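Participant: Sequence:
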Amino acid sequence: MNKKAHSFHIPVMGIGFTIDSPLKVAQYGIDSVISLVDDILIEKLRKMYSEKFELPYQEITNKVDDFRAKRITSYLNLIHDVVDKKFEAMKKSALEMSHDFKTYLDLLPTHSNLKTEFQALIEKGVAKSDIKSWLDQRLVKGSIDVNIMTKVDKDNYDKDEKLPVEYNDAHAAFRGFANSKLNSSVVLSAGMNPRLYAYMSSFEDFFPNQQGEFKKKIILKVSDYRSALIQGKFLAKKGLWVSEYRIESGLNCGGHAFATDGYLLGPVLSEFKENRETLRSSIESILKQELENQNRVIPEESLSIKISAQGGVGTHEEHEFLLDEYELDAIGWGTPFLLVPEATTVDEKTIDKLLLAKEDDLYLSDISPLGIPFNNLKNNTKDLEKETLINKGRPGSACPKKFVALNKEFKDTGVCTASREYQHLKIKALDDLNLSDQVYNEEYNKIIEKSCTCVGLGTSALLKYNLDTKTEGQGVSICPGPNMAYYSKVMSLENMTDHIYGRDNMISRTDRPHMFVKELFIYIDYLKQKVDAAKNDMTAKEEKYLKTFLTNMKAGVSYYKIMFLNIQNKFQDVKNDVLSQLERGEFTLKSLELELENEVLVS
592 MNKKAHSFHI PVMGIGFTID SPLKVAQYGI DSVISLVDDI LIEKLRKMYS
642 EKFELPYQEI TNKVDDFRAK RITSYLNLIH DVVDKKFEAM KKSALEMSHD
692 FKTYLDLLPT HSNLKTEFQA LIEKGVAKSD IKSWLDQRLV KGSIDVNIMT
742 KVDKDNYDKD EKLPVEYNDA HAAFRGFANS KLNSSVVLSA GMNPRLYAYM
792 SSFEDFFPNQ QGEFKKKIIL KVSDYRSALI QGKFLAKKGL WVSEYRIESG
842 LNCGGHAFAT DGYLLGPVLS EFKENRETLR SSIESILKQE LENQNRVIPE
892 ESLSIKISAQ GGVGTHEEHE FLLDEYELDA IGWGTPFLLV PEATTVDEKT
942 IDKLLLAKED DLYLSDISPL GIPFNNLKNN TKDLEKETLI NKGRPGSACP
992 KKFVALNKEF KDTGVCTASR EYQHLKIKAL DDLNLSDQVY NEEYNKIIEK
1042 SCTCVGLGTS ALLKYNLDTK TEGQGVSICP GPNMAYYSKV MSLENMTDHI
1092 YGRDNMISRT DRPHMFVKEL FIYIDYLKQK VDAAKNDMTA KEEKYLKTFL
1142 TNMKAGVSYY KIMFLNIQNK FQDVKNDVLS QLERGEFTLK SLELELENEV
1192 LVS
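The numbering of the sequence shown is the working numbering, which starts it at 592 and goes up by one.
Bear in mind the hints are in silico, worked out from the structure with no lab data behind them.
Predicted model, so just to flag it, every value in this text is computed and none were measured.
Virtual Cβ for every residue (Gly too), placed ideally from N, Cα, C.
One should not assume that every hint holds.
Said to hold, decoys possible - Here are the simulated lysine-lysine pairs, BS3-like style, with alpha carbons at most 30 Å apart:
#, residue 1, residue 2
1, 753, 999
2, 993, 1037
3, 879, 742
4, 595, 750
5, 595, 879
6, 993, 940
Said to hold, decoys possible - So the derived label-pair ranges between C-beta atoms look like this:
#, residue 1, residue 2, range
7, 672, 1034, 25 to 35 Å
8, 755, 982, 37 to 47 Å
9, 861, 1127, 52 to 62 Å
10, 1136, 983, 53 to 63 Å
11, 981, 1023, 12 to 22 Å
12, 643, 962, 15 to 25 Å
Whole structure, please, built from the sequences with the hints as guidance.
Facilitator: As structure tokens, this is what we get:
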């Protein structure tokens, strides 16, 4: 699990867009991440792939005890077995330079020595058994990782009886992974869930052996150093080690956006670089004490951590800079891969919409029922479906899957804020408040804005494979990051990897801003909205939050100005433009600071 063929990974995207990515890319050594939100979709795909690969299939219905975990385990085992079979077949065909083996070599980073090493073995006439041994040692599969949004942990019921907490959605998903054959990692995202973290410590695969090796690992997705330290220590107190901290840009990313308090990606990465050993050693001391308390094996060697980053990277130069400047272990490339059918699963109509998307078509929305800002594409078919229902006077979704039925305002069992049931009750309550037309309309629009993303983010896979969508409907939600505006053609896996490694260029536009500049102005727009929302009735808490946000952003701009002035041999063609944009950003922040000060004086 420590050797990697590539310096990038494909993060989880939506619910269905990377649901089967390992089957497409793992044999070539590329890591990818499967979402475990939707066990209904997972079961449909397990049936489809069982038929395709002529594997035995027995349906796991919702009448089976613990069906959610068992569906997930069965699907992950299928993925594991098929990937293994493909990988072994590729190695066996190496001497014939089969298409798959040639592809494996061609996709490798430019600096990889594998291709020349293999060629040298052939030219020397080395025995087949020795070549086989070399292949076994040097070729690695891509990791089949999984993602769990820790807060998407709905209580479940058997008729009217509430089931024990281990049957909650995130708990069951984790159990599904823990019981699988996989030797890989679970990516925990969306913040802390103390009950889930405690439950995780009941599975042996997550504890180290004497050599400090793990059968299954934990990756923590975070936006800042403080969060990494707090969560890493919390897990260590349960005897659990975080093997990788995956830092994601707060706003310049796809899917849900977890804004930091104005901390920009560059300074965050710098803090991780500076404190990497402190992070590792301080958490390791807590972990080893807890392992001793539990009478468990204590590793003889120091445990290692990896640091990776994702969100907004778009060029080979940015990729290499992040690796070198911040001493990162890998970079996540998400959004552009939505245009790579060989790697992700997106239906043709949605791909067509993505190809045409420009900056104004990609926006940070309030459509998520989780109440977290969500990167959205204008006029996606799920939102158009939502608008049709609103125009008919029947806002809200039928809510067939209920994965985010977490709101308990009207029912102890929970309802989804995007559901017809919730919106009907909420609007009815609104009608009784005798509000002015303006205030009423504002509140009404907040209610009906929510969209059924837990269905919409998985439907694309069903459409792509011509599977039944009777329950889900035809609407597709899609959640690309702002980077999508700069990609405008369908790409092969080779195209995309060549772009990442600087062998080709898949961006036709010449006006793409540097990733740090793009993130800065997304944050500035976000801050403007927060300042506007707080006007006229600003609380002391809001004032403190906004001032802290401004202070952190100003410090981030100062960091970037010094960094870009001192950079040698990187970004020389855009350096002057970046410095100019940073000056513009600094001026805008000063204007916002004055506006905030005036607002405080008026209040």
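Participant: With reference to the structure, classify each hint as holding or not holding.
Facilitator: Right, here's what the structure says about each hint:
1. 753 - 999: holds (14 Å)
2. 993 - 1037: Between residue 993 and residue 1037 the Cα gap is close to 20 Å, so the pair holds against 30 Å.
3. 879 - 742: holds (28 Å)
4. 595 - 750: violated (47 Å)
5. 595 - 879: holds (27 Å)
6. 993 - 940: holds (26 Å)
7. 672 - 1034: 25 to 35 Å: Violated, since residue 672 and residue 1034 (Cβ atoms, about 52 Å apart) do not stay within the stated range.
8. 755 - 982: 37 to 47 Å: Holds, at about 43 Å.
9. 861 - 1127: 52 to 62 Å: violated (38 Å)
10. 1136 - 983: 53 to 63 Å: violated (40 Å)
11. 981 - 1023: 12 to 22 Å: holds (21 Å)
12. 643 - 962: 15 to 25 Å: violated (39 Å)
In terms of the numbered hints stated before, the structure departs from hints 4, 7, 9, 10, 12, listed from lowest to highest.
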